[in-house]
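Protein chains: 2
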Amino acid sequence: MKLASLVFVTSNLGKLREAQDVLGVTLEHQALDLVEIQSLELKEIVRDKARRAYERVRRPVLVEDTSLELAGMRGFPGPLIRWMLVSVGPAGIARLAHAFADPRAIVRCMACAFDGHDEVFGSGVIRGMIAETPRGRRGFGWDSVFIPDGGGGRTYGEMTPAEKNAISHRRRALEALKEALAESPFSSR
Amino acid sequence: MKLASLVFVTSNLGKLREAQDVLGVTLEHQALDLVEIQSLELKEIVRDKARRAYERVRRPVLVEDTSLELAGMRGFPGPLIRWMLVSVGPAGIARLAHAFADPRAIVRCMACAFDGHDEVFGSGVIRGMIAETPRGRRGFGWDSVFIPDGGGGRTYGEMTPAEKNAISHRRRALEALKEALAESPFSSR
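The listed protein sequences derive, respectively, from chains A and B.
In this text, residue positions in the first sequence follow our numbering: the first is 1, and each later residue adds one.
In this text, residue positions in the second sequence follow our numbering: the first is 1001, and each later residue adds one.
Rather than coming from a laboratory, the hints here were simulated on the basis of the structure.
Check before you lean on any hint, since a few could be wrong.
[As the list claims (entries may be wrong)] Below, simulated SDA-like cross-link-like pairs (lysine to any residue); rule was C-alpha separation at most 25 Å, straight line:
id : chain 1 : residue 1 : chain 2 : residue 2
1  : B       : Lys1043   : A       : Arg52
2  : B       : Lys1043   : A       : Ser5
3  : A       : Lys15     : A       : Val86
4  : A       : Lys178    : A       : His117
5  : A       : Lys178    : A       : Leu34
6  : A       : Lys178    : B       : Ser1087
7  : A       : Lys43     : B       : Arg1082
8  : A       : Lys178    : A       : Ser5
9  : A       : Lys2      : A       : Gln38
10 : B       : Lys1043   : A       : Asp21
11 : A       : Lys178    : B       : Glu1041
12 : A       : Lys43     : B       : Val1035
13 : B       : Lys1015   : A       : Pro161
14 : A       : Lys2      : B       : Val1035
15 : A       : Lys43     : B       : Glu1041
16 : A       : Lys43     : A       : Val125
17 : A       : Lys43     : B       : Lys1015
18 : B       : Lys1043   : A       : Ile37
19 : A       : Lys43     : B       : Asp1048
20 : A       : Lys178    : A       : Pro161
21 : B       : Lys1043   : A       : Leu32
22 : A       : Lys15     : A       : Ser5
[What the hints assert, rightly or not] Here are the simulated distance ranges between beta carbons:
id : chain 1 : residue 1 : chain 2 : residue 2 : range
23 : A       : Leu16     : B       : Ala1162   : 27 to 33 Å
24 : A       : Asp102    : B       : Arg1127   : 28 to 34 Å
25 : A       : Leu32     : B       : Gly1014   : 23 to 29 Å
26 : A       : Glu132    : B       : Glu1179   : 33 to 39 Å
27 : A       : Glu132    : B       : Val1057   : 47 to 53 Å
28 : A       : Glu179    : B       : Asp1102   : 43 to 49 Å
[Stated by the list, open to error] Short, incomplete list of chain A residues facing chain B, as computed with Cβ under 8 Å:
id : residue
29 : Val35
30 : Met73
31 : Phe76
32 : Trp83
33 : Val86
34 : Ser87
35 : Val88
36 : Ala99
37 : Pro103
38 : Ile106
39 : Pro134
40 : Arg137
Remember, predicted model here, so these are calculated numbers, not experimental data.
From the three backbone atoms N, C-alpha and C, an ideal C-beta is built for every residue, glycine too.
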């Protein structure tokens, strides 16, 4: 599998933009909103999602999923963060994280390429903390409340796209995937 | 479909016990831990779960799922309560609900019978609130923190099985399902 031949399946255009910026390629894209299975294990969700994407697209696919683990809630909601965001928004996430007196958080991204036979994963992890209230209008999702370590205390939402991408969990996952694809015995297909 | 001919598919023996007590029948049972899809819509999850159960069992199945909606979190986690419970336990749920200054909660149960062609639903809703700390050692899951309206201020965990079943969301869902099955044009199959 070659990275440039993958179809990125995501309904989130923010993620598409970041992936293309990070990889420096234009990715083919399909905006399908795939069903995801319930789990706290990101890899399990992404593996299943890659199969669903392949069944729909019938060509080698790229999918990813992101997890936001709140230390005060022992890792919850993890990959279920999407639904917490829908329900309470970034301000609610901030309030929750601080209700538990431990605002640390871990963000993970896992990307998976799947061609119907072989699967290749790449993951990226960033540690940081949740802001007391949302800050910054850039980015998407919960970017306004996540303060990554090494970002000078700013939230992702306060960074330019270039600044965010220099740090981000998604960049790390996609770069790890790119490397894994290059090393994979299937890379010549 | 006849209720007594359904195979109840659940990995939770507490739910099996309650269903049998409530319906007054012995149900055939398979302890499969079925994958559930991510959603905040209980019916969507239960419909998909019924199909997965049927694919495994190949006989008319009964499945159910339960949702705990925290008013302070605008309904979150809903059907994802299982994962919040795994992560923070009943005490964590209590702490969360009270962090938002609105401890009201709604519990829903949805049961679904599916025979490969027809599906019949029954749902039960109970309003109440979340206790400040867990109380009572009976029941299972989050029973120790849910105080149903009309239960004299006690949590499900402080009630005998008979007391809980007289009120419970699961009894209401199963009775509604029983009625729906009796009225269904497919009841003679």
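Verification of the supplied hints:
For the hint pairing Lys1043/B with Arg52/A, the CA-to-CA distance comes to about 21 Å; that is within 25 Å, so the pair holds. At roughly 38 Å between alpha-carbon atoms, Lys1043/B and Ser5/A are farther apart than 25 Å, so this suggested pair is violated. Between Lys15/A and Val86/A the CA atoms are separated by roughly 17 Å; this keeps the pair inside 25 Å, and the hint holds. A threshold of 25 Å between alpha carbons decides the hint, and for Lys178/A with His117/A the separation of about 18 Å falls inside it, so the pair holds.
The hinted pair formed by Lys178/A and Leu34/A meets the criterion: a straight-line CA distance of about 23 Å does not exceed 25 Å. For the suggested pair Lys178/A and Ser1087/B, the alpha carbons sit about 33 Å apart, so the restraint of at most 25 Å is broken. A threshold of 25 Å between alpha carbons decides the hint, and for Lys43/A with Arg1082/B the separation of about 19 Å falls inside it, so the pair holds. Simply put, Lys178/A and Ser5/A have alpha-carbon atoms about 12 Å apart, close enough for the 25 Å limit, and the pair holds.
Taken as a hint, the Lys2/A and Gln38/A pair is broken in the structure, with Cα atoms around 30 Å apart against an allowance of 25 Å. Restraint check for Lys1043/B and Asp21/A: not satisfied, since their Cα atoms lie roughly 39 Å apart, outside the 25 Å limit. The hinted pair formed by Lys178/A and Glu1041/B fails the criterion: a straight-line CA distance of about 36 Å is larger than 25 Å. The suggested pairing of Lys43/A with Val1035/B holds, with an alpha-carbon distance near 15 Å, which does not exceed 25 Å.
Taking the CA atoms of Lys1015/B and Pro161/A, the gap is about 49 Å. The hint is violated against a cut of 25 Å. The straight-line distance between the Cα atoms of Lys2/A and Val1035/B is roughly 32 Å, outside the 25 Å bound, and the hint therefore fails. Simply put, Lys43/A and Glu1041/B have alpha-carbon atoms about 24 Å apart, close enough for the 25 Å limit, and the pair holds. Pair hint Lys43/A plus Val125/A holds up; C-alpha atoms about 13 Å apart against a cutoff of 25 Å.
About 29 Å separates the Cα atoms of Lys43/A and Lys1015/B, which puts this hinted pair outside 25 Å; it is violated. Between Lys1043/B and Ile37/A the alpha-carbon distance is near 15 Å, which keeps this suggested pair within the 25 Å criterion. At roughly 21 Å between alpha-carbon atoms, Lys43/A and Asp1048/B fall within 25 Å of each other, so this suggested pair holds. For the given pair, Lys178/A sits about 20 Å from Pro161/A by alpha-carbon distance, which is consistent with the 25 Å threshold.
For the hint pairing Lys1043/B with Leu32/A, the CA-to-CA distance comes to about 22 Å; that is within 25 Å, so the pair holds. For the given pair, Lys15/A sits about 18 Å from Ser5/A by alpha-carbon distance, which is consistent with the 25 Å threshold. Taking the beta carbon of each, Leu16/A and Ala1162/B are about 56 Å apart, not inside 27 to 33 Å as hinted. A hinted range of 28 to 34 Å for the beta carbons of Asp102/A and Arg1127/B is consistent with their spacing of about 32 Å.
A beta carbon spacing of about 37 Å between Leu32/A and Gly1014/B contradicts the range 23 to 29 Å that was offered as a hint. At about 50 Å, the beta-carbon gap between Glu132/A and Glu1179/B misses the expected band of 33 to 39 Å. In this structure, Glu132/A and Val1057/B meet the distance hint of 47 to 53 Å, their C-beta atoms being roughly 50 Å apart. Distance hint check for Glu179/A and Asp1102/B: the Cβ-Cβ separation is about 48 Å, which falls inside the suggested range of 43 to 49 Å.
For Val35/A, the suggested interface contact is upheld, since its CB lies about 5 Å from the closest CB of chain B, less than 8 Å. Below 8 Å, beta-carbon pairs count as interface contacts, and Met73/A has one with chain B at about 5 Å; its hint therefore holds. The beta carbon of Phe76/A comes within 4 Å of a beta carbon in chain B, closer than 8 Å, and the hint placing it at the interface holds. Among the interface hints, the one on Trp83/A holds; its C-beta lies about 6 Å from the nearest C-beta in chain B, closer than the 8 Å criterion.
Against a cut-off of 8 Å between C-beta atoms, the interface hint on Val86/A holds, since the closest Cβ of chain B lies about 7 Å away. A distance limit of 8 Å between C-beta atoms decides the matter here; for Ser87/A the minimum to chain B is near 4 Å, and the interface restraint holds. The interface hint given for Val88/A holds, since its Cβ lies 5 Å from the closest Cβ of chain B, which is under the 8 Å cut-off. A cut of 8 Å between beta carbons decides the hint on Ala99/A: the least distance to chain B is about 3 Å, and the hint holds.
The closest approach between the C-beta of Pro103/A and any C-beta of chain B is roughly 13 Å, which is over the 8 Å cut-off, so the hint fails. Interface hint status for Ile106/A: violated, as the beta-carbon distance to the closest one in chain B is roughly 13 Å, over 8 Å. For the restraint placing Pro134/A at the interface with chain B, the shortest Cβ-Cβ distance is roughly 16 Å, beyond the 8 Å limit, so the hint is violated. Checking Arg137/A against chain B by beta carbon gives a least distance of about 22 Å; that is not within 8 Å, so the hint is violated.
When each numbered hint is compared with the structure, violations occur for hints 2, 6, 9, 10, 11, 13, 14, 17, 23, 25, 26, 37, 38, 39 and 40.
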